[in-house]
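Undergrad: If you want the building blocks of each chain, they are given just below.
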Amino acid sequence: MTVSIVRFGGSNCDRDAKRALEHLGIDAEIVWHEDGLPADTEGIVLPGGFSYGDYLRAGAMAARAPIMEEVREAASDGVPVLGVCNGAQIGCESGLTPGAFTTNESARFQCEHVHLRVERTDTPWTAAYEEGEVIEVPIAHGEGRYEIADDRLATLEAEDRVLFRYCDEHGEVGPHANPNGSKHDVAGVLGDRDTVAVLMPHPERATLPDVGPTDGQGVLRAFE
Amino acid sequence: MTAYTATVTVRLKRGVLDPEAETTKQALERLGFELEELRSSDRFEIDLEATSADAARERADEMAERLLANPTIHDYDVEVDER
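Protein sequences, first through last, are from chains A and B. Sequence positions in the first sequence follow UniProt numbering and run 1 to 224. Sequence positions in the second sequence follow UniProt numbering and run 1 to 83.
Mixed in with the good hints, there may be bad ones.
Stated by the list, open to error - Simulated restraints, written as ranges between beta carbons of each label pair: (1) A:Trp32 - B:Asp75: 50 to 60 Å; (2) A:Arg108 - B:Glu45: 28 to 38 Å; (3) B:Arg39 - A:Gly10: 54 to 64 Å; (4) B:Glu29 - A:Glu69: 42 to 52 Å; (5) B:Arg83 - A:Ala127: 54 to 64 Å; (6) A:Asp168 - B:Glu37: 26 to 36 Å; (7) A:Ala127 - B:Arg39: 42 to 52 Å.
Since the hints were made in silico from the structure, they are not lab data. Since the structure is predicted, the reported quantities are computational estimates derived from the model, not experimental observations. Where a beta carbon is used, it is the ideal one built from N, C-alpha and C, also for glycine.
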């Protein structure tokens with residue numbers, strides 16, 4: 001599979017994603033957003049960073065770049081799409097995934113390792129894990145608080161589209177383990193299809209053994 | 001065509017936490033001010049030409065829907081004045 005990693009002005013996790021995917025033996029190339037998606041694109045990563053300097057709202061500008069129309073089309077054709085951090089913000093701003101990621105409850109940039117509970121395993125992003133498994137991955141964001149209207153969150157949960165929740169190392173959720181005030185501890189969600197997912201934590205920063213835990217590998221294995 | 005300024009005010013929906021406003025409120029309190037609540041909003045002043053105030057409002061409305069506001073977390077209103 002060839003994964004296209006979409007680089008916007010201000011993306012800064014594009015090379016991390018490429019290194020991480022290649023470590024897993026997955027072909028990946030960085031694509032400048034103005035060049036459009038290559039014809040051989042079989043997977044898409046919207047990487048982290050600070051596209052357009054987070055002007056207006058994090059992800060707002062990139063979400064309206066012309067390439068996102070191609071990303072939406074590919075997503076509706078079943079091409080796997082993963083948004084990480086700023087890519088998750090772009091995913092929600094573009095309507096690929098429901099809800100919004102906004103200012104952390106602490107009003108601070110949070111850069112730390114967190115634990116996530118895998119909420120379901122019958123998706124490409126989580127097939128490598130056990131249900132309820134606790135994984136350790138880093139976060140690095142100022143606007144990662146998941147926000148959505150209560151009725152839409154209820155629908156999302158009823159449809160089982162919450163992929164990961166923040167938790168402690170024992171898998172317990174609650175304010176003590178929620179780094180940013182996300183509603184119902186949501187760290188990652190699915191779009192309309194199981195092949196579209198966004199999450200604020202960085203699986204690509206928890207993939208190379210040289211830099212720490214490798215629990216994020218399972219997410220990227222969706223592209224194998 | 002008439003010249004208008006459309007003012008779009010975008011604010012968080014009631015009930016959506018605003019940590020920046022809370023931090024600003026606390027800073028005002030540290031300066032010795034007394035206040036009960038502080039809400040922040042973004043205001044966009046858009047100069048445009050349109051055939052009528054309604055047409056100007058409609059265009060500004062669409063700008064808010066498609067970019068300036070995020071309907072998941074924001075409400076907005078539009079005011080139109082002749083320039």
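Undergrad: Run every hint past the structure and note whether it holds.
TA: Consistency of the hints with the structure:
no.	hint	verdict
1	A:Trp32 - B:Asp75: 50 to 60 Å	violated (36 Å)
2	A:Arg108 - B:Glu45: 28 to 38 Å	holds (31 Å)
3	B:Arg39 - A:Gly10: 54 to 64 Å	violated (29 Å)
4	B:Glu29 - A:Glu69: 42 to 52 Å	holds (47 Å)
5	B:Arg83 - A:Ala127: 54 to 64 Å	holds (59 Å)
6	A:Asp168 - B:Glu37: 26 to 36 Å	holds (33 Å)
7	A:Ala127 - B:Arg39: 42 to 52 Å	holds (45 Å)
In summary, the structure is inconsistent with hints 1 and 3 from the numbered list given earlier, while agreeing with the others.
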